[in-house]
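Sequence lines, in order, name chains B and R. Read in the UniProt record's numbering, the first sequence has 370 at position 370, and its numbers run on one by one without any break. Read in the UniProt record's numbering, the second sequence has 119 at position 119, and its numbers run on one by one without any break.
What the hints contain is simulated information worked out from the structure, not anything from laboratory work. Predicted model, so just to flag it, every value in this text is computed and none were measured. Don't take each hint at face value.
Across the chosen pairs, the derived CB separations fall in these ranges [stated by the list, open to error]:
| hint | chain 1 | residue 1 | chain 2 | residue 2 | range |
| --- | --- | --- | --- | --- | --- |
| 1 | B | Asp459 | R | Leu107 | 54 to 64 angstroms |
| 2 | B | Glu262 | R | Ala359 | 14 to 24 angstroms |
| 3 | B | Pro155 | R | Glu91 | 46 to 56 angstroms |
| 4 | R | Tyr322 | B | Asp497 | 48 to 58 angstroms |
| 5 | B | Ala359 | R | Asn282 | 22 to 32 angstroms |
| 6 | B | Thr369 | R | Gly309 | 54 to 64 angstroms |
| 7 | R | Ala163 | B | Gln94 | 26 to 36 angstroms |
| 8 | R | Pro470 | B | Pro117 | 51 to 61 angstroms |
| 9 | R | Ala163 | B | Asp140 | 48 to 58 angstroms |
| 10 | B | Ser465 | R | Arg77 | 37 to 47 angstroms |
For each residue, glycine too, the CB sits at the ideal point set by N, CA and C.
There are 2 protein chains.
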Amino acid sequence: MTNSLRVVMAQLNLRVGDIRGNLERIIEAASHARDELGARVIVFPELSLCGYPPEDLLLRSSMQARIERALQTLCERVQGIYLVVGYPWYEGEQCYNQAAVIADGNLLASYAKQHLPNYRVFDEKRYFSEGSGSCVLELDGLPVALSICEDIWHPQPMAQARAAGARLMLNLNASPFHMDKQGEREATLTERCAEGEMPVLYVNQVGAQDELIFDGGSVAMAADGQIALRAPAFAEGLYPVDVRYDDEQVSLRQGTLAPMPELEASVYQALVCGVRDYVNKNGFKGVVLGLSGGIDSALTLAVAADALGAERVEAVMMPYHYTSSMSLEDAEAQAKAMHVTYRVLPIAPMVEAFMQTLAPVFEGLPRDTTEENLQARCRGTLLMALSNKTGALVLTTGNKSEMAVGYATLYGDMAGGYDVLKDVPKTLVFRLAEYRNTLGQVIPQRVIDRPPSAELAPDQKDEDSLPAYPVLDEILRLYIEHDLSASAIIAAGFDEDVVKRVVRLVDLNEYKRRQAAVGARITQRGFGRDRRYPITSGWAMDD
Amino acid sequence: MTNSLRVVMAQLNLRVGDIRGNLERIIEAASHARDELGARVIVFPELSLCGYPPEDLLLRSSMQARIERALQTLCERVQGIYLVVGYPWYEGEQCYNQAAVIADGNLLASYAKQHLPNYRVFDEKRYFSEGSGSCVLELDGLPVALSICEDIWHPQPMAQARAAGARLMLNLNASPFHMDKQGEREATLTERCAEGEMPVLYVNQVGAQDELIFDGGSVAMAADGQIALRAPAFAEGLYPVDVRYDDEQVSLRQGTLAPMPELEASVYQALVCGVRDYVNKNGFKGVVLGLSGGIDSALTLAVAADALGAERVEAVMMPYHYTSSMSLEDAEAQAKAMHVTYRVLPIAPMVEAFMQTLAPVFEGLPRDTTEENLQARCRGTLLMALSNKTGALVLTTGNKSEMAVGYATLYGDMAGGYDVLKDVPKTLVFRLAEYRNTLGQVIPQRVIDRPPSAELAPDQKDEDSLPAYPVLDEILRLYIEHDLSASAIIAAGFDEDVVKRVVRLVDLNEYKRRQAAVGARITQRGFGRDRRYPITSGWAMDD
Chain B
1 MTNSLRVVMA QLNLRVGDIR GNLERIIEAA SHARDELGAR VIVFPELSLC GYPPEDLLLR
61 SSMQARIERA LQTLCERVQG IYLVVGYPWY EGEQCYNQAA VIADGNLLAS YAKQHLPNYR
121 VFDEKRYFSE GSGSCVLELD GLPVALSICE DIWHPQPMAQ ARAAGARLML NLNASPFHMD
181 KQGEREATLT ERCAEGEMPV LYVNQVGAQD ELIFDGGSVA MAADGQIALR APAFAEGLYP
241 VDVRYDDEQV SLRQGTLAPM PELEASVYQA LVCGVRDYVN KNGFKGVVLG LSGGIDSALT
301 LAVAADALGA ERVEAVMMPY HYTSSMSLED AEAQAKAMHV TYRVLPIAPM VEAFMQTLAP
361 VFEGLPRDTT EENLQARCRG TLLMALSNKT GALVLTTGNK SEMAVGYATL YGDMAGGYDV
421 LKDVPKTLVF RLAEYRNTLG QVIPQRVIDR PPSAELAPDQ KDEDSLPAYP VLDEILRLYI
481 EHDLSASAII AAGFDEDVVK RVVRLVDLNE YKRRQAAVGA RITQRGFGRD RRYPITSGWA
541 MDD
Chain R
1 MTNSLRVVMA QLNLRVGDIR GNLERIIEAA SHARDELGAR VIVFPELSLC GYPPEDLLLR
61 SSMQARIERA LQTLCERVQG IYLVVGYPWY EGEQCYNQAA VIADGNLLAS YAKQHLPNYR
121 VFDEKRYFSE GSGSCVLELD GLPVALSICE DIWHPQPMAQ ARAAGARLML NLNASPFHMD
181 KQGEREATLT ERCAEGEMPV LYVNQVGAQD ELIFDGGSVA MAADGQIALR APAFAEGLYP
241 VDVRYDDEQV SLRQGTLAPM PELEASVYQA LVCGVRDYVN KNGFKGVVLG LSGGIDSALT
301 LAVAADALGA ERVEAVMMPY HYTSSMSLED AEAQAKAMHV TYRVLPIAPM VEAFMQTLAP
361 VFEGLPRDTT EENLQARCRG TLLMALSNKT GALVLTTGNK SEMAVGYATL YGDMAGGYDV
421 LKDVPKTLVF RLAEYRNTLG QVIPQRVIDR PPSAELAPDQ KDEDSLPAYP VLDEILRLYI
481 EHDLSASAII AAGFDEDVVK RVVRLVDLNE YKRRQAAVGA RITQRGFGRD RRYPITSGWA
541 MDD
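With the rest of the complex left out, here is chain B (with noise of 0.2 angstroms):
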């Protein structure tokens, strides 16, 4: 007799910190799948009622009595369904990232996460002791066993898990985005499918904290590696999955595949995403951005559209001597095409009064790029002002080519709390502008073929002091992401000179890069907690 078991896998958004919150939004999970998908299971992901990541919210006093209390409320108030879930559980002086499975006011069993992440932006060993040992426990006669997130990374633990008996693997995840994440992850998980020759329920959280991007793209997979369901990525749900078992096998009801997303689709979705959950879970009203008619504050204006609605966004040109008439027009074509609050704010007034009162000081000293500056503070204080009077978050617009080499001010354009394209090379700029407008042209084609230029000073361009993007954004590649030295990237065939200035101002700038604003982590390295380099270093390129 072939048995079937419904299992939801529960692709939720939750809040870090909010455990009153979260256990709400789990206990509401759980009936709805119970009543509405008729589902004997429901699995959230990784430490669901404090969030992920919780950072040193674990080392408050109060947190153990708030989860301990949210799992008595779970017990008492969730009936007729197995649930799932992953909370943080103090032992004496230890710490376990744990998951449990509680049914009808019992708390049946439980697991503690034994592979710890504690390399780039995971601290895991900072708070958690590892478990040891699988948990398999029957849920209507079939023997299923739980692991946590890198658990699956790792072929120990399904081994350990086959060995205890179990014929499924129940895995809660609060696994980051990255480009190109979802097929990494698949094959992995057909590797472990394979090994431990049982179907994985691979359930993800969605949504944004800080930096951190979660995806979701939660997976239901066969023993073989056949995926029976994948859930969409950046989208939360309720996914169900029929699991049937007899004495012989387990296998999986072939249910709906989300499509595998393309790489500008997931990038540009990560971003909305970013904006979207910094501005609502910190309670903004909406966002401010200076747009000054060039491509990244125009991709930035058009991701918080995307992201919150025209309504909530207002977009400043703030236009200065070096200000050309096309980045004027531009900027007004791409507010308009927008539907965003358009204003325009000249900022001579502000300029002359701080050269006229710093004339005597200067009196006899070259200009330098401290005229520059000057131009991008005006703007940054103007723009936190409009932020203190409104209430609405101010958006930076650096990319990650800028803040790698420091091509930017300082309390100026940096002026911000969140930087949408922190992460996202300028060469991926173009190519999500691109995109962006296949879905509706609102990015004025001359601010995508236009030369870049910050207007700082007459005729100015990106290209007159930094490589040509192609270029930069390589050495950047290979410096940054797979840190590869000075020498090897020559060696990579890239010219010398070039090479050793862009390390060189990578390594300067690290100053720059630790008051900059927080901003959604797309790559595999991202500036932030993915990459902590001492700010004073005697570092040398050609030790």
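Here the structure of chain B is known, so what remains is to put chain R in place on it, guided by the hints.
Okay, now just chain R, sitting in the frame of chain B:
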């Protein structure tokens, strides 16, 4: 027959990342110890070749080759002395925090750190694998063990060394300062010496690295807990210890004990060390800061002048309508007392230009903190222009109490590269100002005595909007340093409304702190790498 082994404790200020420079300093110190001090052994701090903490420089592909070359050079160039040095050691996918004994061309033995701190400011499990097993070798017939920093805070490495026959422990450290740390260290060493029934030579580095301050305080302690030598805090030096041994016992010849520092003196020296090393190691010619007539900028100026010399310090008074004549007088008096360059740049023209530009936008909206922030941002922009033009670093002057509750303006008074008082609560600011004046009156008494005011609005006082500082600082200490919940602080006897308001402000202002300048950590929980909170957070104080 009693033998004697002279061991030099090399309490040096090394430079993170500068392997070549550190190598030369190590060779020079070893030659000096051998030739001038008659030493047989010299012990350097933890990770002395690359400096501590190297952070993600450890992930650079060229680190391994640089370290191997440096060790090779040490083997070639150091003769006639046992040299004990620390470095990262790569084996396949693993990296170890290691120490080795090098003599006459050979690496005689090596030890890998067994206890890797991964809490508070430490991230060693991000980089290192744990060593296992002791390293005991005979130096001139005396069996000596090695251990590294955190190892000495746990009983196991000492027990292991003793079981392996060691009779002397050499402990290499990079142990950061916080208030009263030296007492904690020596109490722990007393336990270890007793357990191991052997002396410990505890060698610590000195100097500042970004937010971390290393105070030295190297100690030679006999088996009975008697201290034979205590090196002075915050000073580089080579400190010889004579170890006497025969078949029966190992003893230390009594040397000089630097006095245990008083609290205010040690914190003041820590701040001086922080500024000096940040400025010098990053190659700034000097510093510039805004001098407001208040106590924070007064103390910051004193620290800066003591750290760098008056000729490298420039103070700028930037008055506005709300600046009192008392503030103008006191700022000038202090600048004169400290012999620093002093300049007055009124900000009214810039503030008025912003207000006029914004008038149509702000029409009908009430005056609020926006106008106060504009003043602060005009000051920040002026200071940054001076910095850009002259190459001086801008010091910010915010204290820990202000950073905690967000009583500071982003891109305004928070604009700058290094915040001297970042981890100094306001009540301690007062004590440090009094302390500094005992060395010579440089801060006008009126600056210490008057009620603190930001002078951003008419007749403004800090205590109009904040609780009295002694109350505020105690609440902050319990919340930040001890992780107590709001209800636990209320239960400890503080007013409920005050506690809730303070806790809410601390939680809300994580976004400001994330963009703040680095500054010296002097408490057990500083803002920065020591306290990693999410910006986006649903943590509710009363859940």
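Results for each hint:
1. Asp459/B to Leu107/R: 54 to 64 angstroms: Holds: the Cβ-Cβ distance is about 59 angstroms, inside 54 to 64 angstroms.
2. Glu262/B to Ala359/R: 14 to 24 angstroms: For Glu262/B and Ala359/R the Cβ distance comes to about 48 angstroms; the hint is violated.
3. Pro155/B to Glu91/R: 46 to 56 angstroms: With Cβ atoms ~22 angstroms apart, the hint is violated.
4. Tyr322/R to Asp497/B: 48 to 58 angstroms: The hint (48 to 58 angstroms, Cβ to Cβ) holds, given that Tyr322/R and Asp497/B are roughly 52 angstroms apart.
5. Ala359/B to Asn282/R: 22 to 32 angstroms: holds (29 angstroms)
6. Thr369/B to Gly309/R: 54 to 64 angstroms: violated (28 angstroms)
7. Ala163/R to Gln94/B: 26 to 36 angstroms: At 27 angstroms between Cβs, range holds.
8. Pro470/R to Pro117/B: 51 to 61 angstroms: 43 angstroms Cβ-Cβ, so the 51 to 61 angstroms window is violated.
9. Ala163/R to Asp140/B: 48 to 58 angstroms: About 54 angstroms separates the Cβ atoms of Ala163/R and Asp140/B, which means 48 to 58 angstroms holds.
10. Ser465/B to Arg77/R: 37 to 47 angstroms: With a Cβ separation near 42 angstroms, Ser465/B and Arg77/R satisfy 37 to 47 angstroms, so the hint holds.
In terms of the numbered hints stated before, the structure departs from hints 2, 3, 6, 8, listed from lowest to highest.
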